[in-house]
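Novice: Please build the complex by placing chain B on the supplied structure of chain A, with the hints as guidance.
As you go down the protein sequences, you meet chains A and B in turn.
This note's numbering puts the first residue of the first sequence at 2, with every later residue one more than the last.
This note's numbering puts the first residue of the second sequence at 61, with every later residue one more than the last.
Careful: at least some of the hints might be erroneous.
[Said to hold, decoys possible] Simulated restraints, written as ranges between beta carbons of each label pair:
#1 B/L130 with A/N110: 47 to 57 Å
#2 A/T76 with B/K122: 40 to 50 Å
#3 A/H70 with B/K75: 36 to 46 Å
#4 B/R69 with A/R59: 20 to 30 Å
#5 B/E167 with A/K103: 15 to 25 Å
#6 B/R69 with A/K103: 16 to 26 Å
#7 A/Q67 with B/P121: 33 to 43 Å
#8 B/A65 with A/P40: 18 to 28 Å
#9 A/G29 with B/A65: 28 to 38 Å
[Claimed, not checked] No farther apart than 35 Å at their CA atoms in a straight line, the calculated lysine-lysine pairs in the DSBU-like style are these:
#10 A/K56 with A/K98
#11 A/K55 with B/K138
#12 A/K69 with A/K2
#13 B/K143 with B/K122
#14 B/K122 with A/K103
#15 B/K75 with A/K106
#16 A/K55 with B/K143
#17 A/K2 with A/K98
#18 B/K122 with A/K2
#19 A/K103 with A/K69
#20 B/K104 with A/K106
Don't read these hints as lab results, they were simulated from the structure.
Backbone N, C-alpha and C define an ideal beta-carbon position, used for all residues, glycine too.
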Amino acid sequence: KNEVEQSPQNLTAQEGEFITINCSYSVGISALHWLQQHPGGGIVSLFMLSSGKKKHGRLIATINIQEKHSSLHITASHPRDSAVYICAVPPEGGSEKLVFGKGTKLTVNP
Amino acid sequence: EAGVAQSPRYKIIEKRQSVAFWCNPISGHATLYWYQQILGQGPKLLIQFQNNGVVDDSQLPKDRFSAERLKGVDSTLKIQPAKLEDSAVYLCASSSYPLIAGTGDREQFFGPGTRLTVL
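Chain A on its own, in the form it takes in the complex (with noise of 0.2 Å):
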C-alpha cells in the first residue's frame, strides 16, 4: 500500500509570500497529481506529473522520484489561492486509482 504524507497539515501565510507544501509516498509511482480543493468542496486538479518539473502561473510543482518526494510551490501567493491542496499517487502495483494525502490548508491573509 502505497502511504502518502504531506507537510505541513497548515499554512498561513501572507499575500505575496513563497509558498511551499510538501508530499512524500512510500512505494515508486508513474504520476503523481496535486489537487485544489476550495471550501465548497469541489476538487481541480492542477498537475499530473512523472518527473522533473511542470509550471502553470504562479504555481510550480517538481518531483524526484529517487527519493519518493514532491513539492508544490505558490510564487506571489494571494488570498484566493486559500484552500486545501491534495497530493495523491496510485497505490502499490500501479493502476489508476488514486490514494489521497490528507491535504494541506493554506490561508493567505491579504
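Specialist: Here is chain B on its own, set in the frame of chain A:
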C-alpha cells in the same frame, strides 16, 4: 468542455433516512469514481466503474451503500439507511482511461461534490 456534474450540492437528512446522489461524468469518459471525504481527511475511494461494470468496490459499505451506472454514463450513489458517520462530502470523478489497450489519460476530473449532513 463541460465538467463533471453532481447533484444535489448539499443535503441534510436525519439518521436512518435514505439519500441518493447523482453524477454525470465528462462525455466519453469510460471510468467513473465515487469518493467519500470526511472532514479533515483525504478522499477515500468507494467504488470505481469502467463503463457500466464495477472495477473496485472493496471499500464500499455494501450493507447500506449501493451504486449503479446502468448505461455506462451517469451514475447514482445511494445510502440506506444513513448513519451519523456518513456525514461527508461525496465526490464523483471521471477519466478517459482506458480507451483502447490501456491508452487514455489517467488524470481524474472531479465534480463539485455533494456535502451530506446526517443529524
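Novice: For each hint, tell me whether it holds in the structure or not.
Specialist: We went through each hint and held it up to the structure:
no., hint, in the structure
1, B/L130 with A/N110: 47 to 57 Å, "48 Å, holds"
2, A/T76 with B/K122: 40 to 50 Å, "46 Å, holds"
3, A/H70 with B/K75: 36 to 46 Å, "42 Å, holds"
4, B/R69 with A/R59: 20 to 30 Å, "29 Å, holds"
5, B/E167 with A/K103: 15 to 25 Å, "21 Å, holds"
6, B/R69 with A/K103: 16 to 26 Å, "24 Å, holds"
7, A/Q67 with B/P121: 33 to 43 Å, "39 Å, holds"
8, B/A65 with A/P40: 18 to 28 Å, "20 Å, holds"
9, A/G29 with B/A65: 28 to 38 Å, "35 Å, holds"
10, A/K56 with A/K98, "24 Å, holds"
11, A/K55 with B/K138, "39 Å, violated"
12, A/K69 with A/K2, "14 Å, holds"
13, B/K143 with B/K122, "14 Å, holds"
14, B/K122 with A/K103, "25 Å, holds"
15, B/K75 with A/K106, "30 Å, holds"
16, A/K55 with B/K143, "42 Å, violated"
17, A/K2 with A/K98, "12 Å, holds"
18, B/K122 with A/K2, "23 Å, holds"
19, A/K103 with A/K69, "17 Å, holds"
20, B/K104 with A/K106, "18 Å, holds"
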